[in-house]
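Chain residues, written in single-letter form:
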Amino acid sequence: MSDASATMNFARRDAADKLRGRTRYTIDRYLPGMLHAAILRAGVPSGRIARLDLTKAARMPGVRAIVTAADAPGMIGIGIADHPLFARDVIRYDGEPIAAIAADTPMQAQAALAAIDVEIERLPVVLTMAEALAPGAPLVHPDWRNYEVLLEGGARGGNVAWEATVVRGDVDAAFARPDVEIIESCFRVGRQNHVAFEPRAVVASYEDGRFHIETSTQVPWTIRNATARLLGVPASRVRVTVPPVGGGFGLKFDLAIEPFAALLARASGRPVRLVNSREEEMLTCLFRENADIRIRSAVTRDGEIIGREAVVLMDCGAYGGEQIFLTTMTAHTLGGNYSLGAVRLVSRAIYTNTAPNGAFRACNGVYNTFALERHTDEIATRIGMDPLAFRRRNVLGDGDLGATGQVFEGDVLGPMLDRMDTMRNAAAAPPARADGRLYGRATTVGTWFVFVGPSAATVNMNADGTATLVTSGVEIGSGSMMQALPQIVAGTLGLSPDDVIVRSADTDAAGYDVGVGGGRTTVSLGAASLSAAQEVRTKLLKVASEMIEAAPEDLVMRSGRIEIAGAPGSGRLISEVATRAQAQMGPISGTGAFTGAGVSAMPGCVAGHFIDAIDIPVFAVHDCEVAVDTETGQVEVLSYRVVQDVGRALNPRAIRGQIQGGVVQGLGYALHEEVTIGSNGRVCQNGLETYRLPLALDVVPVEINLYEGAPSIGPLGTKGAGEVPILNVAAAVGCAIANATGKAVQELPLTPPRVLELLLDQRPTLCLPHIAETWTENLVRPHGAGGSN
Amino acid sequence: MNMGIDLTVNGDHLTSTSDPVTPLVDVLREEFHLTGAKPVCREGFCGACMVLIDGDPTPSCLVPAALANGCDIRTVEGLAANGGLNPIQAALEACDAVQCGMCFPGMVVSLTHLVSTRPDATREDIRAALTGNICRCTGYERIIEAALLALATA
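Taken in order, these protein sequences are the chains called B and D.
The numbering of the first sequence is the numbering used here, which starts it at 1 and goes up by one.
The numbering of the second sequence is the numbering used here, which starts it at 1 and goes up by one.
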């Protein structure tokens, strides 16, 4: 129902002000009488608060309010409510908040923090998943049984925060077949820090008995609901608005520091600003988690994957958070890409006394794809098959089953591999180099999903011929709110996208939304916006048909006019129709709503999953060529190519920008960005001097092909395009380095010292004794046994 | 006794009453409400707080306000006449380079200096010149393209 194309390289409207320094992000906002807040954080990873005396701090100059655990009675979490706002009696990680202070100046707030008298008795500590899973390990949450369960079905126990399993078919029989090779691979990956340039920041006020929270977030409704839950107030008492956000990448997909500012605003009666320091961001960001992975496959000599089993251990840190949900995504990544016979997978989120982890662009998909693709290369080597031929033989096609028994539609990955061949063949062969470096290349595939879920939109048709789009969508930098959404509305109503005003997120103005992340903005918010615009269109055409004296079905909307089809220049301006409608029956508006359709899985396959099947799969094929310096271990990326399944590219130029940026973030993850945790439980990389981000000198222009036409329930056939570009970067780089060096690449990041150790055979083969040899012995509860614990 | 710090900021003569060791970026942002410069890392690595001090690109997080006394400071807000865009700003907009935008105030300051002082800069020169400006969103390619475009049309 559209007469104008929504596809165009529409420029973003926020660029000019961002380039002139005029954009006011949350960190740039001021309110009259505003106070400045600071948080007292624990300096030990595990302990008991023996004494907390605020008397002296409360008398310090400029101090207006102090809040502690007593002010925040609630607990939050995903799946299980295990996370209080402040440490109550027990400290579970270095950096955990103990108290928050608001004062007239930031210096006064810091000085008052230092005057808080706190004594912490040390408790035993578990810093690694191996320690956490050891027999008799101290429990990070000794009271785990008492927590409120928010989603039934996950197995839990001790330091296992959540366990999700998939079993399809007879895996033991597959592995026992005489005609298969058994290939086993182990992998370990580190954490990644988002380093969103705008830190987590909030300005809160308390007016007329309600909290108003202005914050740098991807999820205004989560902030509203989780803040209310922690504070023990009705959610309707919290209003969240969101200024332009200076980078998210998943960091801001969860509640952060908002409730501290809200409590202090209520206590002081003044607006309160709280901004994390870069050090706080480096030490307590919700990292992409570290993980340990073992995969085994049973494969015939001619390359059929008869059986596969895997154990994935995900470090959730001190609280479950996003990792609880992400246990689900193992099934759709390790069980993605290739057609499998029998399969069983277990993913376990493990508590440790470290900073909580969270969501980061494509989340565990990034390292599961690394593990799967390296394992795939090891399979191909073992059976003596070309790795590309093996992939071509096995990639998911129309009617193939995913790990959970969902049926995939359409042949997508096969044609995408063909596209990559064409791109690679068209490129000039790299000149032969005799510089002593080792050269290698790899082509990898990846499977991810669009995180659909509920979205709402309203379109108000204005009498001046413009439309106002009201949603809870947030512009985090990807451009979806600046480009795709106004394009969708404009295309439906025959307007220029410049004539679509996009309201910034306000939970008082727009309906519920899951948030901006998981590739869902264009899909979920886009679908709701499309449906709202279609309602407006229907109403306008009815009024126009009376004005023009033509049937509505004979009318088209384009170039700001409603005309008789085939008669350009006939009819009326949309503004004339909207004005008439407003006078006759009141202003025209339309509403739209969307959520995932829900794709079915095979009954009994899954346990502890949040989604059993993926509504919109997204595929990617990456190709990378590297050179490895044998004296320094330095890896140079020489070329990078991407074929990405985008469904339909509404704004091809914007998508290409996302791909270049996502690939470079992946190169950082694969090669430079390392997070280590000291024996004191503190993250060692506390700033940009020690955490090495990709620089302009590190990167190459990515050659990009957008693959359109794969099935999608997204509006106009779209899929999310901004999250996926990072998905198989570590896989492509890791496989290329393995191919260049002939060494088993098992770990990330591939920093020069680590690569040099590999080259010199000084890196011990990775061994994961905390993963039991027999798959079933890794489970808290046998698959299919039921129950909530 | 605070004597006040005299600064010329985007052509305006201003006096700061801040403590002399206050980082210049905080004087600009908190006292003068010029929030273009962003204090992202406060270590001089990211370049998002870059300003021109007597014409030289300088991370304003590392400069105590007193050391800028008497200096001519130009921030990202003051690079173009009459509220328009200067050539590098226009090129960055034309190339659809901007994403979250937090690094761009610093990028724009560094590249404005590059375009005006090195009209013959090559792609490699631009990449090297951006060593002190980190971008987390874009992967740099369009920023480099925009710099080349600005140089070509200057």
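Treat the hints as calculated values from the structure; they're not laboratory data.
Be careful, since some hints might not be right.
[Said to hold, decoys possible] Far from chain B by the CB rule (all over 12 Å, computed), these chain D residues:
#, residue
1, PRO20
2, ASP26
3, MET102
4, ASN133
[Unchecked claim] Computed Cβ-Cβ distance ranges for the label pairs, DEER-style:
#, chain 1, residue 1, chain 2, residue 2, range
5, B, SER679, D, THR131, 31 to 37 Å
6, B, MET107, D, ASP54, 26 to 32 Å
7, B, ASP17, D, THR8, 46 to 52 Å
8, D, ASP54, B, ARG22, 20 to 26 Å
9, D, ASN69, B, GLU119, 42 to 48 Å
Note that CB positions come from ideal geometry on N, CA and C, so glycine has one too.
**Request:** Could you work out which earlier hints the structure fails to respect and list their numbers in ascending sequence?
**Result:** 2, 3, 4, 7
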